[in-house]
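> Going line by line, the protein sequences match chains A and B.
Just so we're on the same page, my numbering is the position in the first sequence counted from 1, plus 13.
Just so we're on the same page, my numbering is the position in the second sequence counted from 1, plus 68.
By construction, these hints were calculated from the structure, which means they are not laboratory data.
All clues stand as given, with none of them false.
If we take Cβ atoms under 10 Å as the criterion, some of the chain A residues that face chain B in the derived model are:
| hint | residue |
| --- | --- |
| 1 | Glu210 |
| 2 | Gln217 |
| 3 | Arg220 |
| 4 | Gln222 |
Backbone N, C-alpha and C define an ideal beta-carbon position, used for all residues, glycine too.
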Amino acid sequence: MANGHKYTEEQDEFIRQNYTDVSDCVRKFNERFRTKLSYSAIKTHANRKLKIVTGFRPWTEEMNTVIAEILLKYSYKQAAVIFNNRFGTDFTVKQIQDHCVRSGIKRNHAAFLEQVDEIISENIGKTYEEIRKLIHEHTGKEYCDYTAVCARATNLGLSRPHRVWQTSDKREINGEEVTFSEYVRFIGNRWNKLPLELQPLALQVVRLQAECKKTI
Amino acid sequence: MKLTELQSILGEEINKVRQPDADESVIKRSQTVALLAKQVINNADVIIRFDKMKAVQPELQARIEELI
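Looking at chain A on its own, in the form it has when it is part of the complex (with noise of 0.2 Å):
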């Protein structure tokens, strides 16, 4: 039926008049006229006869550059809420990498990984602490802590020189200065993780076993 139909003007008419959303377009038309045609049927006679397209383009200039931004610095995943929460959207990841691909948008991830691990192989030398803040200066990513750092130089076959504590390094609890003796014990003790009022007491108590050690 859907070969053999004949389009009246009335209908045309409809169709230019409803065809915001193919799907809804088709049902209000078999509704209104009584007929069986397809959703196909009815978007090929509206492209190629009546030269409509529907006028759903929720892709703006401005959505894809500021997806492009948000891509250099999060994953898709990321993008998605962050991009979602600044437009109203409800695009699903999929959407995004969909629509991503067809613009050309590139998430350019790689380069960055680049970036980061050029960072991390000309500063071996330093701390995985220090590397993650040269890399958060450098380009503006922030590694929640230095582990990150430790596996992507791990993965680079790179092995930062083993750093051994001596017991003459200096080391601080809540800005006090303790000796090798104290640090272990409190660390050992895990106070480290104490409520921060109970650890001066803490301390004291691991300055007494380290006294209490060096007598005997």
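Given the structure of chain A, go ahead and fit chain B onto it with the hints provided.
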């Protein structure tokens, strides 16, 4: 015992141990005080954590009290 009192006691014990004439009995006593103080600190830690958790997640209060 309040934590401030414990702090004073620990301070006194540290001073005693640091004395050149501190003998074995003094050291043993200090070690015992240190052990007790450790226990007090750990207890205080549990209480503080419990109070914080009660404030943040009141629904856990009954369950925690059951365990205690």
